[in-house]
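Sequences are here, hints too, so could you generate the full structure?
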Amino acid sequence: MKLGYFPGCSQTGTAIEYDISLRKVVDKLGASLDEIKDWSCCGATSAHVTNHKLANALAMRNIALAGKQGLDELVAPCAACYNRLVVSQHDTLSRKETKEEIESIIETKIEKEIKVMNLIELFRKIGYDKITAGKTKDLKNLNVACYYGCLLVRPADITKFDDPEQPESMEEVVKLTGAKTVDWNYKLECCGAGHSLSRRDIVLDLSHKIIEDAKKNGADVMVVACPMCHTNLDMRQRAMKREYKDHKDFPVLYLTELIGLSLGLSEKELGIDKHYINFKYKEPAVEKAAI
Amino acid sequence: MKIGVFICHCGENIGRTVDCPRVAKACAWFPGVAVSIDYKYMCSDPGQNMIKDEIRKHKLDAIVVGSCSPHMHEKTFRKAAVSAGINPFLVEIANLREHCSWVHDDIDAATDKAIELTKMAVEKVKHNQPLTTIEVPVTKRTLVIGGGIAGIQAALDVANAGYEVVLVEKEPSIGGHMSQLSETFPTLDCSQCILTPRMVEVYQHPKIKLLSYSEVEKVEGFIGNFTVTIRKKARHIDETLCTGCGLCVTKCPVKKKAYNSFEENLAYRPAVYVPFPQAVPNIPVIDETVCTYYKTGKCQMCVKVCGREAIRFEQQDTMVTEDVGAIIVATGYKLYSIDRKPEDSMLKGYGEYGYGKYKDVIDGLQFERIASASGPTEGEMKRPSDGKVPKKVVFIQCVGSRDESKGFSYCSKICCMYTAKHAMLYKHKVHDGEAYVFYMDIRSGGKMYEEFVRRAIEEDGVKYVRGRVSKIYEENGKYIVKGEDTIAGMPVVIDADMVVLATAMIAQPEASDLAQTIGIPYDKYGFYNEAHPKLRPVESTTGGVFLAGACQSPKDIPESVAMASAAAAKALVLFGSDKLEREPVIAKVNEALCAGCFYCRKVCPYSAVEVRDIVTRDGVVLKQVAYVNEGLCQGCGTCTATCPSKSIELAGFNNEEIFAQIAAL
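The listed protein sequences derive, respectively, from chains X and H.
For reference, each letter of the first sequence is one residue, going 1 to 291 in our numbering.
For reference, each letter of the second sequence is one residue, going 1 to 665 in our numbering.
Everything labelled a hint here was simulated from the structure, so no lab data went into it.
Fair warning: there could be bad hints in the mix.
Mimicking DSS-like on lysine-lysine, the simulated pairs with C-alpha atoms at most 25 Å apart in a straight line are [said to hold, decoys possible]:
1) LYS209(X) with LYS392(H)
2) LYS392(H) with LYS216(X)
3) LYS216(X) with LYS471(H)
Pasting the structure below:
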């Protein structure tokens with residue numbers, strides 16, 4: 001199975017381990033990724049709040065390239081990229097005039113509609129049975145808080161993929177690894193990514209609340225599918241320690257890393273050692289009677 | 001044949017875009033037209049008199065009126081024609097308003113079109129046959145479906161006028177949702193106190209036959225002549241013997257197996273139960289699904305204690321048929337269950353509010369039961385989870401209403417009022433408690449309604465927050481309600497002890513099935529459609545079937561009662577004469593041509609086509625042909641278009657008439 005891949009800027013920098021673990025896991029599951037050649041910015045962050053046309057043109061350039069490359073489906077592992085690509089494509093293709101205008105801006109013909117997938121849809125596409133079949137490690141002593149953030153399932157009218165208020169699709173995937181998922185309250189709450197650079201205090205407060213709620217509800221680890229969420233929830237824990245004296249380290253993993261662990265890949269192979277908060281999977285203590 | 005043409009200006013409605021004098025002038029030259037004139041208001045008294053005078057003066061045989069839609073004034077002009085001696089079916093209307101002036105702006109083109117339209121009508125009227133109205137008898141009995149306040153009111157009104165009523169209620173008792181309410185707005189009088197005397201009145205009324213725990217299975221016939229089949233569900237109690245002593249109910253050992261639906265699942269009920277103490281009729285029902293006897297064949301405690309030997313385990317559902325002339329549908333509403341997994345795919349639910357997950361997140365009817373003196377807490381303000389008195393209660397309006405993305409686009413109309421009432425009742429019972437109401441707008445139109453809401457805010461200190469709630473979750477034993485105050489432009493977080501959701505009023509889940517059984521139209525939400533939103537609000541489009549209460553759209557008690565009385569009046573109008581007059585615009589089969597394929601029967605939306613045997617004098621069946629029931633046929637013409645051998649014709653719209661119209665173009 002060959003799937004189009006739009007890495008996005010984070011995958012090449014701050015979230016390099018997301019890229020590493022994604023490629024390794026997809027490979028392990030018997031599929032391969034075909035990266036869009038000459039891909040460019042998806043239009044997230046500044047473009048879509050400053051200029052609608054620019055944002056759509058940026059996203060649609062990548063869609064058009066994917067079409068030229070003969071791809072029908074495309075995975076955008078970053079939730080922000082996913083959201084931009086899905087929304088821009090919807091906006092652009094729903095009106096003939098907009099499509100023509102965008103085509104003239106990017107000087108490329110948009111040949112076809114591309115099915116854009118987020119990380120969960122990618123696993124759905126590859127097949128949950130493949131994850132179960134390839135499982136070599138049962139992560140049964142892990143209690144996982146699945147964090148969706150704001151963009152992964154939204155806008156629901158366009159993504160049509162999970163309940164935007166009470167999503168459960170990530171839990172489904174996590175359960176395949178044998179891990180338990182916790183019922184918690186902050187799985188959709190804002191991590192503050194929009195203010196990442198300008199109002200660090202707000203980001204700290206919001207991200208801290210998310211981690212606290214996950215802990216309170218019995219989670220040992222949090223799983224995310226967005227590099228921005230990960231940055232705020234992982235990297236900022238040092239600052240949280242300064243701000244909130246009783247803050248204790250709480251590991252935050254990418255969904256790909258959790259699946260990679262269950263497929264038998266090591267923490268190092270998956271790039272988990274690049275996180276600010278260390279995580280090492282501990283096997284459950286073997287009961288004496290079993291020996 | 002001498003034809004008169006009358007072109008109406010309809011004030012400016014037609015005259016603005018159609019040059020009426022030019023139309024009248026052009027029409028005067030059509031073959032057969034003896035007189036052609038225009039006038040400002042043809043429907044007015046002088047206008048009608050003009051038509052009558054011209055008919056007499058020119059000895060006209062038929063007339064064509066170029067005016068508004070025949071829906072509007074066909075009757076008016078027919079009446080005028082009749083009084084001047086012309087058969088009403090020799091009057092044709094050319095619709096120059098809806099079909100011409102209102103939809104065009106080019107005066108010249110519109111005038112040309114008006115001339116064409118009138119010409120078509122002239123050609124048609126030349127081929128029209130004089131028809132006479134059909135008379136059908138009337139059964140002066142009424143079926144009322146639904147025993148809520150609307151059904152009760154309608155039944156009492158019809159019965160008090162001296163006509164028999166059959167009242168069918170699917171629950172074991174009449175009373176409906178109103179019997180569940182604690183107090184009613186805007187007067188705060190006790191719902192049961194005003195309702196139960198009515199319920200008893202129904203039960204004791206000599207003209208009312210109450211069929212409780214029964215459902216309508218089949219409706220046949222037509223206005224004035226319906227035959228209704230009703231399923232009487234087995235109570236497993238002999239109704240004629242039971243005195244309603246209630247001993248079986250108190251002695252039944254099954255205590256915690258079935259939720260009490262009257263208490264909105266806030267309490268349990270035994271396997272043999274009466275929904276509530278004031279039930280009418282006060283006869284219990286045995287619930288087969290939880291009764292021990294049906295599972296193990298043992299127990300029979302109820303049999304042992306019943307002094308009247310009224311328990312009948314073997315009792316089966318029975319069918320009853322009733323002949324009625326009118327049907328009043330008053331099946332009411334249901335509250336939108338905002339559970340995570342809604343039964344209907346159209347409903348996306350409000351999982352983020354945690355209804356069904358948190359015991360203290362309840363809906364409006366559950367709050368009514370908690371506030372009710374006869375409820376599970378005997379009127380004490382205690383929350384369902386632990387029975388503690390909630391010190392902070394959040395009320396959320398418009399849950400499912402006015403929400404196109406997740407619920408329904410309509411306004412449920414009564415929630416603003418009952419939420420104000422709920423908050424008020426809460427404050428009256430918990431003086432040191434805090435009540436918050438999240439609202440979008442406050443819609444309190446109605447006598448003393450706005451004053452009532454102001455009283456909640458100003459006298460009882462209920463805090464109103466304009467904005468929506470995004471989510472509710474539990475933290476340290478509190479329900480964290482996160483919302484937005486859109487006036488202050490600030491997020492609001494309230495740690496509540498209990499949350500009450502004013503969920504949307506929706507149609508009964510079986511509403512569309514019943515509509516199909518009766519043959520009445522309903523909207524996409526399952527609410528029944530009235531014949532005209534303004535001028536015929538209590539009639540359905542099916543003759544003889546009337547609507548009352550919340551089955552038509554969300555409404556409160558006074559409105560439901562008003563509608564019920566109106567529906568009763570409409571039924572009584574029907575009973576005012578012994579025979580009903582019907583328009584003769586119906587299909588008629590040419591039996592000599594009919595090949596008996598019965599395609600017409602398959603397509604008829606009113607089930608008006610029957611099979612008739614053509615027999616010789618000796619009783620030998622020669623062939624079977626279609627036969628159109630005059631009472632049922634609504635003259636839609638579907639059969640005439642379907643018939644492969646052209647052997648059905650619609651009176652007033654036969655092929656000759658239609659072709660003449662087309663040829664005139």
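Hints, verified against the model:
1. LYS209(X) with LYS392(H): With a Cα-Cα distance of about 24 Å, the restraint between LYS209(X) and LYS392(H) holds, given a limit of 25 Å.
2. LYS392(H) with LYS216(X): It holds: about 24 Å lies between the C-alpha atoms, which stays within 25 Å.
3. LYS216(X) with LYS471(H): holds, 18 Å
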